[in-house]
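Asker: Could you put together the complete structure from these sequences and hints?
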Amino acid sequence: MRVQLSRMRRRWARHDGAAAVEMALVLPVLVLLAYGVIEFGIIFAQDLGMGNGAREGARFAASTPTMECDNGANDDLLQLVLGATNTTLLDDRPGSNELSQVSIRVSVGPDDAASANVVCGVDPGNLWGDVPPGGTTDVGVCDGASAGDRVFVESRWARGLSIPFGPVANDFEINGTGVFPCEYT
Numbered sequence: 000m001r002v003q004l005s006r007m008r009r010r011w012a013r014h015d016g017a018a019a020v021e022m023a024l025v026l027p028v029l030v031l032l033a034y035g036v037i038e039f040g041i042i043f044a045q046d047l048g049m050g051n052g053a054r055e056g057a058r059f060a061a062s063t064p065t066m067e068c069d070n071g072a073n074d075d076l077l078q079l080v081l082g083a084t085n086t087t088l089l090d091d092r093p094g095s096n097e098l099s100q101v102s103i104r105v106s107v108g109p110d111d112a113a114s115a116n117v118v119c120g121v122d123p124g125n126l127w128g129d130v131p132p133g134g135t136t137d138v139g140v141c142d143g144a145s146a147g148d149r150v151f152v153e154s155r156w157a158r159g160l161s162i163p164f165g166p167v168a169n170d171f172e173i174n175g176t177g178v179f180p181c182e183y184t
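In numbering that gives the first Met the number 0, the protein residues as written are 0 to 184.
Hints listed in this document are in silico derivations from the structure and should not be mistaken for laboratory results. Just to be clear, a hint being listed does not mean it is correct.
[Stated by the list, open to error] Quick list of the computed label-pair ranges, beta carbon to beta carbon:
(1) Leu160 / Ser114: 27 to 35 Å
(2) Ile41 / Asp15: 37 to 45 Å
(3) Gly147 / Glu172: 27 to 35 Å
(4) Gly147 / Val25: 15 to 23 Å
(5) Pro64 / Glu172: 31 to 39 Å
(6) Pro123 / Ala17: 54 to 62 Å
(7) Ala17 / Ile42: 32 to 40 Å
(8) Asp110 / Leu29: 43 to 51 Å
The C-beta atom is built at its ideal place from N, Cα and C for all residues, glycine as well.
Answerer: Here is the structure:
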């Protein structure tokens, strides 16, 4: 009887395959967690880059008496903002359109960007709708500005997830805002 009990205990106490089952249960959660951490890191880096680009653009616009502002890819300010933004994983390889999808708006006013007068910008995704149409001009962003007016440069990019993930919404914006007081009025 004693031998039979010890055999039964051994039979019930065996854990063959338990590690594999536990791994199968835990692995999907770990993969999703790792995916989330990686994706959040990419988005955070791009958000910092958008803010960097907008601040650099605001500083340039406020400290430059006149600059080219043609609402296109050739002008000084837009190239500067895109260059500063591109330090963060935006794809600038030939054939990629990530950089061409960044919308940039430059405005001047005393209070905030929403109530300021739009001077120029580029809006490929029509994210604002109030960017004036193109036309090659040299503008002084702060020309005619009052004391205390500031230059606002805003950048937006409607992006999807870097690593596509089925049921997750794949459309959101990354924004950057730069503010600098007008030096040339």
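Asker: Determine for every hint whether it applies to the structure shown.
Answerer: Quick rundown of the hints versus the structure:
1. In this structure the hint that Leu160 and Ser114 lie 27 to 35 Å apart at CB holds, the actual value being about 34 Å.
2. Taking 37 to 45 Å as the suggested C-beta distance range, the pair Ile41 and Asp15 conforms, at roughly 41 Å.
3. With their beta carbons about 30 Å apart, Gly147 and Glu172 fall inside the hinted range of 27 to 35 Å.
4. Here the CB-CB span from Gly147 to Val25 is close to 59 Å, at odds with the stated 15 to 23 Å.
5. Taking the beta carbon of each, Pro64 and Glu172 are about 33 Å apart, inside 31 to 39 Å as hinted.
6. Taking 54 to 62 Å as the suggested C-beta distance range, the pair Pro123 and Ala17 conforms, at roughly 56 Å.
7. In this structure the hint that Ala17 and Ile42 lie 32 to 40 Å apart at CB holds, the actual value being about 38 Å.
8. With their beta carbons about 48 Å apart, Asp110 and Leu29 fall inside the hinted range of 43 to 51 Å.
In summary, the structure is inconsistent with hint 4 from the numbered list given earlier, while agreeing with all the others.
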